[in-house]
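*Asks:* Here's the letter readout for the chains.
Protein chains: 6
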Amino acid sequence: MKKIISFGETMLRLTPPGNQRFAQATSLEIIIGGAESNVAVSLARFGMDAEWVSRLPENDMAERLLLELRKHGVGLRHVVRGGERVGIYFLENGASQRGSKVVYDRAHSSMATLQPGMIDWEAAFAGADWFHWSGITPAISQSAAEACREAIEVANRMGLTVSTDLNHRAALWKYGKQPKEVMPELTAGCDLIVGAAEDVRNYFGIVPEGDGEEAQRSMLAQLKNRFPRAKWVATTLRSNPNASQNGFSGLLWDGQQFCEAPSYPVTHIVDRVGTGDAFTAGLIFGLRSYPSDPQWALHFGVAAATLKHSIPGDMNLVSKAEVEALMAGNATGRVSR
Amino acid sequence: MKKIISFGETMLRLTPPGNQRFAQATSLEIIIGGAESNVAVSLARFGMDAEWVSRLPENDMAERLLLELRKHGVGLRHVVRGGERVGIYFLENGASQRGSKVVYDRAHSSMATLQPGMIDWEAAFAGADWFHWSGITPAISQSAAEACREAIEVANRMGLTVSTDLNHRAALWKYGKQPKEVMPELTAGCDLIVGAAEDVRNYFGIVPEGDGEEAQRSMLAQLKNRFPRAKWVATTLRSNPNASQNGFSGLLWDGQQFCEAPSYPVTHIVDRVGTGDAFTAGLIFGLRSYPSDPQWALHFGVAAATLKHSIPGDMNLVSKAEVEALMAGNATGRVSR
Amino acid sequence: MKKIISFGETMLRLTPPGNQRFAQATSLEIIIGGAESNVAVSLARFGMDAEWVSRLPENDMAERLLLELRKHGVGLRHVVRGGERVGIYFLENGASQRGSKVVYDRAHSSMATLQPGMIDWEAAFAGADWFHWSGITPAISQSAAEACREAIEVANRMGLTVSTDLNHRAALWKYGKQPKEVMPELTAGCDLIVGAAEDVRNYFGIVPEGDGEEAQRSMLAQLKNRFPRAKWVATTLRSNPNASQNGFSGLLWDGQQFCEAPSYPVTHIVDRVGTGDAFTAGLIFGLRSYPSDPQWALHFGVAAATLKHSIPGDMNLVSKAEVEALMAGNATGRVSR
Amino acid sequence: MKKIISFGETMLRLTPPGNQRFAQATSLEIIIGGAESNVAVSLARFGMDAEWVSRLPENDMAERLLLELRKHGVGLRHVVRGGERVGIYFLENGASQRGSKVVYDRAHSSMATLQPGMIDWEAAFAGADWFHWSGITPAISQSAAEACREAIEVANRMGLTVSTDLNHRAALWKYGKQPKEVMPELTAGCDLIVGAAEDVRNYFGIVPEGDGEEAQRSMLAQLKNRFPRAKWVATTLRSNPNASQNGFSGLLWDGQQFCEAPSYPVTHIVDRVGTGDAFTAGLIFGLRSYPSDPQWALHFGVAAATLKHSIPGDMNLVSKAEVEALMAGNATGRVSR
Amino acid sequence: MKKIISFGETMLRLTPPGNQRFAQATSLEIIIGGAESNVAVSLARFGMDAEWVSRLPENDMAERLLLELRKHGVGLRHVVRGGERVGIYFLENGASQRGSKVVYDRAHSSMATLQPGMIDWEAAFAGADWFHWSGITPAISQSAAEACREAIEVANRMGLTVSTDLNHRAALWKYGKQPKEVMPELTAGCDLIVGAAEDVRNYFGIVPEGDGEEAQRSMLAQLKNRFPRAKWVATTLRSNPNASQNGFSGLLWDGQQFCEAPSYPVTHIVDRVGTGDAFTAGLIFGLRSYPSDPQWALHFGVAAATLKHSIPGDMNLVSKAEVEALMAGNATGRVSR
Amino acid sequence: MKKIISFGETMLRLTPPGNQRFAQATSLEIIIGGAESNVAVSLARFGMDAEWVSRLPENDMAERLLLELRKHGVGLRHVVRGGERVGIYFLENGASQRGSKVVYDRAHSSMATLQPGMIDWEAAFAGADWFHWSGITPAISQSAAEACREAIEVANRMGLTVSTDLNHRAALWKYGKQPKEVMPELTAGCDLIVGAAEDVRNYFGIVPEGDGEEAQRSMLAQLKNRFPRAKWVATTLRSNPNASQNGFSGLLWDGQQFCEAPSYPVTHIVDRVGTGDAFTAGLIFGLRSYPSDPQWALHFGVAAATLKHSIPGDMNLVSKAEVEALMAGNATGRVSR
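Residue numbers (this note's numbering), protein chains in the order written: chain A, 1 to 337; chain B, 1 to 337; chain C, 1 to 337; chain D, 1 to 337; chain E, 1 to 337; chain F, 1 to 337.
Hints listed in this document are in silico derivations from the structure and should not be mistaken for laboratory results. There could be a bad hint or two in this list.
Since the list can't tell identical chains apart, any single copy or any two copies may satisfy a pair.
Below, simulated BS3-like cross-link-like pairs (lysine-lysine); rule was C-alpha separation at most 30 Å, straight line [as the list claims (entries may be wrong)]:
1) 231 - 101
2) 101 - 2
3) 101 - 224
4) 180 - 224
5) 180 - 71
6) 2 - 177
7) 320 - 177
8) 320 - 3
9) 177 - 71
10) 180 - 320
11) 71 - 231
12) 2 - 174
13) 71 - 2
14) 3 - 71
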């Protein structure tokens with residue numbers, strides 16, 4: 001099977017141990033995470049040839065980040081070097097009624113100062129048949145948005161399947177443009193769109209009709225109509241009682257049928273960050289492996305994301321066999337000896 | 001706004017990591033905590049000018065304790081020095097059916113040997129309009145009880161509003177007097193009384209009529225009748241399935257109306273210690289900020305205490321904005337980016 | 001009261017901190033655990049004179065293991081030394097839908113190479129009136145199975161009460177024999193049999209009739225019929241939503257009545273390993289203390305095991321008084337000061 | 001005694017535990033440090049009224065930094081808020097032949113974007129008689145250099161004693177100016193100049209004559225001649241075998257005599273960062289306390305800095321009494337009980 | 001061989017990790033230590049039947065302490081229970097010029113309130129031939145001093161060999177008597193006296209003649225003359241450059257010859273506490289094993305104490321074989337595989 | 001440049017934190033280490049294309065090990081899978097007079113049961129020009145020795161340069177053969193031999209003449225004479241005061257000249273394990289990079305190994321630039337900012 005290329009910013013995530021607040025932390029755990037490299041790590045662990053493309057400075061923090069991705073088998077040959085700094089985000093883990101909190105320190109990163117032309121997309125895409133990006137990159141800076149457009153254009157021209165996770169981040173988008181001015185054009189080049197109602201409203205002004213799952217179906221149907229190239233549109237479904245427990249499922253529309261998956265009750269969340277990326281990665285894994293069975297792909301994505309809630313850090317360190325065991329109903333939590 | 005003075009003993013709390021029992025611990029986390037300084041820390045973080053008055057020895061353990069309170073912005077100018085030792089309490093964290101366990105090692109502390117006259121209450125109360133104490137201080141020793149009476153008398157004379165958290169601790173009260181002999185006189189000088197049914201029965205022999213919330217209303221009504229100076233009487237309401245989960249709410253009676261608050265389901269308790277203090281602090285903050293809106297004050301206290309369950313240690317390290325966000329219904333636990 | 005002897009393999013359990021997966025661990029916590037020594041530790045902590053018999057090599061890892069058992073008051077005089085290595089098992093803690101996972105590294109251990117005749121059972125059983133073994137030992141190796149048979153024969157001859165926990169481990173039994181060829185003879189010498197439906201089906205081909213608790217009763221009744229020496233047969237009852245929460249109870253059949261116990265909802269599991277051993281130990285404690293009250297014994301076993309879920313490691317570090325407090329209904333999780 | 005004001009950038013220092021390299025770190029310890037706030041912390045601990053002036057953003061990382069300085073008693077009333085980020089520096093601890101390594105991530109910090117006029121120096125200096133800055137601030141950015149000049153001018157005008165630590169950092173000075181273009185004017189306003197041969201050569205082109213301590217004397221003499229306002233010029237003397245051991249002393253020239261101090265052999269360095277700041281703080285403490293005894297001041301500075309080598313972090317957490325005990329010859333390392 | 005009984009107070013030692021000062025600690029490591037139980041642990045590890053006698057309260061902290069001593073094989077049958085609290089001492093680890101610092105919190109401990117008659121010395125000494133105490137016990141309180149005298153009298157009467165480590169602690173002796181009033185009588189009952197010049201001067205007014213080792217010889221000679229029952233008198237010899245490095249040796253006088261041992265250069269001290277106890281234990285081990293070879297005993301004590309400097313905590317966790325290897329010259333520090 | 005292949009066993013090294021002894025450890029740090037993979041990691045970090053060949057089981061512990069090597073850029077394509085277990089070694093860190101101690105638990109590992117024919121050496125050596133093995137592999141088992149011989153034969157036939165580190169481990173060699181029966185034949189196929197006097201005496205009966213460095217020269221000369229294929233023979237030179245400090249240098253003989261290097265005084269050893277491998281790797285790097293300058297290669301090896309002493313774990317995580325900086329004389333330990 002050919003390569004899949006993901007593109008985006010990966011950061012040092014620095015997190016106080018346990019449930020400490022920033023005000024009481026005396027140390028920070030180092031996590032390496034970014035929406036797009038999280039997807040690449042998942043795919044590499046599931047056995048696919050996944051490569052991540054980005055821009056990083058020449059310093060020890062960038063090396064630290066690269067070591068972690070290499071460890072999990074992600075290709076790094078087209079990461080370009082330059083710029084000033086690695087992006088950082090500080091995250092404290094919430095519990096019950098207290099949500100987790102992110103303090104971004106990613107401005108002026110090497111990805112934020114990436115310019116179109118810096119990455120040789122023809123070279124990066126050689127031997128690849130799929131390209132994945134997310135809505136975070138165009139939110140970082142004008143030039144990153146342009147580099148993203150460049151990548152999508154080349155991918156379209158070279159015939160790669162293109163996927164995106166819309167991933168709206170309101171705290172970004174500070175460079176003077178609104179998402180509505182940027183995202184429609186980029187999304188138009190995609191074959192798979194993963195997004196939530198909030199993303200779709202902010203980016204495209206799409207307002208779902210009805211309530212609950214009906215609204216989700218309406219949102220997906222409108223989204224697919226709006227972007228005719230998209231073969232599949234999908235979303236996660238979350239019931240959100242609080243920061244420690246969560247029901248997780250998903251929905252996919254391919255123009256023919258609404259694929260559904262079980263809703264898994266995640267009763268004790270270990271780390272919620274990266275669960276959306278785990279869903280997207282599982283979905284992509286399924287659609288690439290069995291393109292004619294989107295139902296299986298959706299279920300694989302939902303089960304993969306369910307397991308991610310139990311794993312510290314951004315990356316979904318599970319195997320294909322573990323995801324399939326959950327899909328087969330093994331959720332009793334017995335000790336596997 | 002003027003200062004608020006709290007008075008009481010603060011201890012080193014030494015706690016095994018995670019859910020270890022004492023028998024298996026090889027290290028202990030240092031927490032600084034005491035009912036009254038916990039209240040002062042909350043108020044300082046909410047933006048009030050809060051000062052804590054106590055007695056500590058001249059050693060490095062006392063310095064360690066003071067550093068922690070200074071860090072959170074609590075005034076310390078009237079802490080007197082002398083005596084032999086800092087009180088200690090060892091606490092192991094329970095889970096599910098196993099309750100947390102405290103081993104007190106606070107006898108002979110500098111607060112236990114505090115004598116009336118050691119603290120210059122006129123000086124301490126200068127510039128203050130509120131005085132807060134709790135039922136723990138009169139439980140420690142005869143002389144501490146007398147110093148507490150002295151403080152209340154001066155506060156009453158100087159016109160400060162006086163609040164108390166009744167906080168019955170059966171394991172204290174070893175100096176030969178029963179709570180019933182001491183507490184009624186001290187409580188009589190208070191404008192705000194926070195207490196639970198157990199406290200009120202032990203201290204004042206008050207037996208509520210009815211069951212459930214009706215009993216709580218009966219208890220508060222009798223309490224206010226018994227202490228006519230009290231403008232507000234309040235209690236927390238807890239539904240207590242086990243050591244890891246808990247429903248939390250409160251009730252306040254001002255002689256006119258029973259103010260109620262939502263009951264928040266705390267599904268994953270991080271640290272239960274200090275939640276009562278967080279309630280009292282939130283309530284005081286509300287009553288001082290908006291004396292004519294006890295309903296808001298009660299809700300603020302309940303929401304503050306709910307959040308405290310998610311924070312390690314005795315202190316409620318939340319901001320006013322975070323409490324208000326929960327009051328406004330934001331309990332979904334989404335990551336705040 | 002006379003001694004109780006337990007016999008089996010105890011290992012180093014090496015566990016990543018918190019919920020880390022093996023792939024992300026940089027350290028491992030050292031736990032000392034084995035089904036039979038876990039029982040001995042429980043009994044020693046409840047005040048009985050408990051001794052553990054096994055075989056260990058002469059090296060620092062064996063010393064480390066022995067130090068831990070000595071610490072908790074278990075007699076070690078008949079542990080024989082020899083062989084190559086201490087058995088190890090690696091365990092990662094699951095959460096929610098992700099079960100805990102064990103990687104065994106116990107082959108070639110000193111217990112696996114134990115030969116009949118190496119342990120002087122007459123000497124070990126002198127002063128004892130009870131012998132406990134489990135189905136793990138015969139699963140390790142042919143020679144360990146033979147040593148186990150030897151022990152049971154001597155125990156029977158010397159008039160000790162013999163108990164077993166069937167403890168089927170499918171990943172063991174690699175030496176060429178099936179459990180069905182080995183276990184019936186060993187079990188026939190037992191006065192107390194603790195086992196689950198899965199054990200009983202694999203070992204003895206017993207298939208329960210009916211569903212739910214009816215099936216459990218059927219299983220116990222058939223088990224007792226099959227092994228007429230057995231005075232008591234018992235099983236745990238678990239409702240298993242996932243790796244973090246669990247309902248726990250048990251059932252005992254003495255040929256006269258089915259003893260039942262409350263089902264305790266363990267909502268936040270800290271460590272599930274050793275809960276079965278805690279049940280067996282509590283049951284043995286009860287049956288030895290009050291042989292005519294199997295109902296109390298069962299309840300004591302269930303309550304002890306319920307508490308074990310809240311304690312890190314394999315050992316049930318609770319006191320008799322704590323178990324009795326839970327039996328008396330104290331499960332509110334209030335801080336005990 | 002009046003206040004002393006220090007001014008400069010304080011950062012989060014993030015350090016792998018022990019001697020880990022960045023490449024192997026999975027966590028980072030949080031240290032709060034900056035040359036000028038380190039001086040303020042020392043002075044506050046020695047009992048002086050020390051205040052730190054700087055600029056920080058409005059976020060949780062800035063709060064974390066402020067909590068740490070408040071904890072140690074440093075005044076913070078004139079810290080202004082604004083800008084984007086807190087500066088960070090990553091530091092790994094070397095040993096023996098491997099030096100410690102810093103990766104700066106301080107560009108675009110709130111101090112780097114500080115503009116003249118943002119700080120109300122008249123207000124900050126009210127009640128103060130001493131102002132301390134260092135050569136790091138003018139190295140950060142053009143605007144920070146201008147704000148520094150502004151501060152010195154106001155201090156000179158208001159009659160404060162001004163001290164500087166020249167602190168050359170070659171990795172800074174990226175905004176287009178050379179130190180030689182900026183530092184002479186700023187240094188001219190100082191009454192106390194602390195610097196090393198390297199600083200003085202880079203800033204002022206001063207080349208010492210002779211070798212060893214003779215060269216140091218020559219350097220100080222030239223420095224004082226060049227800056228006639230300076231009443232005292234001083235330098236540390238280090239013999240630098242490697243990252244773990246070090247001889248430490250200092251030299252001071254007041255135009256009359258060369259004051260010398262013992263050379264302390266620091267045989268086991270715990271943390272070298274902040275030792276120069278500890279020297280400067282000790283020297284300032286001495287000169288403010290006993291202006292007519294520069295010999296005592298120098299010795300106090302040298303002894304304080306010697307002790308700093310044994311303390312983790314940037315801050316010199318020692319008392320005046322501990323420094324004086326070392327000055328009196330107590331260096332045997334006996335346990336003080 | 002018969003039992004050896006040691007008698008004294010053992011405490012929780014609470015120590016910040018690494019070289020942290022109390023002011024920066026957020027956790028404390030739990031060490032169990034006391035001069036006399038340290039001796040018992042050493043002797044048990046060397047293979048002797050050692051028992052420790054003391055008084056402890058009935059709480060979880062006392063249990064924690066007992067678990068640690070039991071773990072290392074020390075007999076505990078005559079520990080009596082009662083009183084209020086376990087003694088605590090806080091210790092921060094120094095480095096280089098900064099000495100380690102102890103904050104005692106041992107007043108009012110169960111040992112401090114021990115009364116003569118509480119311990120049944122006849123029962124404790126049955127089966128024993130050696131009794132060891134130290135100068136710390138008479139320093140704690142009047143009643144502890146009396147209990148100590150009682151023990152020595154019974155030991156003398158029952159014919160046990162009696163040893164003492166003089167161990168002067170100036171911070172104790174607060175109950176109104178001077179060491180000179182108490183120690184001579186107690187020391188008169190001893191067969192082996194271990195002490196330093198400082199102890200001997202404070203207790204007995206003995207002033208050595210000469211310098212260096214000559215003074216040590218003079219001190220020992222006078223000490224033996226003063227206490228004619230003493231068969232052996234011994235002292236450690238330390239060269240004390242600083243808190244991290246140390247030369248260690250010892251000297252013994254039996255009335256016939258001055259036995260000497262090599263001086264071991266301890267270049268990197270891990271934990272200095274308990275090194276004196278390790279010397280005394282090694283010496284006792286040697287004198288009990290080979291009473292006619294005090295030279296070997298001294299060397300064994302010195303080598304054991306040398307190794308103790310490399311071991312965290314109070315206890316000397318080395319084997320006889322390891323001590324003998326050092327005595328045989330194996331100090332190269334090669335990895336033993 | 002072509003690939004270099006190293007072959008051997010890599011283990012989990014499990015190490016108590018700091019200087020804890022096994023008896024007191026409650027956790028173990030996971031280090032991945034093996035003489036030959038340590039060499040591969042060094043070479044990969046210096047920029048060479050290094051691949052490691054071995055045999056590992058199919059389990060999570062093997063995955064953990066592979067992740068660590070992949071992280072540092074080592075090729076793993078020819079690692080074969082099979083067998084039962086990953087080898088383990090437990091190591092406690094000594095200090096001063098107490099040497100570090102290893103407890104091996106490597107018997108029955110997948111490498112110990114490796115058979116000739118399992119590895120396709122022609123495939124592994126394709127594209128490679130250098131093969132490295134060590135004397136540990138033939139010590140593990142008869143079949144591993146045979147697989148090693150097989151590898152050397154193929155390497156010789158395919159024209160690769162072959163290097164070995166003799167690495168005598170007396171605790172291995174348990175399968176019935178003496179090193180003298182096995183090692184001569186294997187060593188005969190080598191172009192570079194690194195060994196110490198002890199190895200050479202045990203393997204080949206070579207007895208050096210003279211003392212000190214003269215003996216080392218004699219040893220190397222005899223070694224080269226004995227194995228005429230060897231172009232270079234080299235040894236490390238260590239002066240070994242104790243476990244915490246060490247002088248380090250090396251010596252190389254190419255038949256023409258004795259190349260020497262400076263002796264670096266490592267005053268504070270962080271981790272001594274892997275320093276010999278770091279020397280060998282540095283030497284190989286030098287000889288491959290500049291084959292005509294063995295003097296530079298030796299110095300590079302010595303400087304690399306010197307730095308390794310400062311790095312926790314088995315791997316030498318330094319860059320070529322850092323080694324060259326030390327060679328250029330930069331050993332002052334100044335903070336590099």
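*Asks:* Within, between, both or neither: how does the pair residue 3, residue 71 come out at a Cα-Cα threshold of 30 Å?
*Replies:* both (18 Å within a copy, 20 Å between copies)
*Asks:* Within, between, both or neither: how does the pair residue 180, residue 320 come out at a Cα-Cα threshold of 30 Å?
*Replies:* neither (37 Å within a copy, 34 Å between copies)
*Asks:* Give the relationship of residue 2 and residue 177 under a CA distance limit of 30 Å: within one copy only, between copies only, both, or neither.
*Replies:* neither (36 Å within a copy, 47 Å between copies)
*Asks:* First find the shortest C-alpha distance between residue 101 and residue 224 inside one copy, then the shortest across copies, and answer within, between, both or neither for a cut-off of 30 Å.
*Replies:* Neither: 33 Å inside a chain and 42 Å across chains, both beyond 30 Å.
*Asks:* If the cut is 30 Å between Cα atoms, do residue 231 and residue 101 qualify within a copy, between copies, both or neither?
*Replies:* neither (35 Å within a copy, 39 Å between copies)
*Asks:* At most 30 Å between alpha carbons: which applies to residue 71 and residue 231, within, between, both or neither?
*Replies:* Answer is neither: 33 Å inside a copy and 37 Å across each miss the 30 Å cutoff.
*Asks:* Checking residue 177 and residue 71: alpha-carbon separation at most 30 Å within a copy, between copies, both or neither?
*Replies:* neither (37 Å within a copy, 39 Å between copies)
*Asks:* State whether the alpha carbon distance between residue 180 and residue 224 is at most 30 Å within one copy, between copies, both, or neither.
*Replies:* This pair counts as within: shortest intra-copy Cα distance 17 Å, inter-copy 59 Å.
*Asks:* Have a look at residue 101 and residue 2 and pick one of within, between, both or neither, based on CA distance no larger than 30 Å.
*Replies:* Answer is neither; intra-copy 38 Å and inter-copy 33 Å both fail.
*Asks:* Are the CA atoms of residue 71 and residue 2 at most 30 Å apart within a copy, between copies, both, or neither?
*Replies:* So residue 71 and residue 2 pass the 30 Å test inside a copy (21 Å) and across (23 Å) alike.
*Asks:* Go through the copies and call it for residue 2 and residue 174: within, between, both or neither, with a Cα cutoff of 30 Å.
*Replies:* neither (37 Å within a copy, 41 Å between copies)
*Asks:* One pair to classify: residue 320 and residue 177, alpha carbons no more than 30 Å apart. Within, between, both, or neither?
*Replies:* neither (40 Å within a copy, 33 Å between copies)
Hints 1, 2, 3, 5, 6, 7, 9, 10, 11, 12, counting from the list given before, are not met by this structure.
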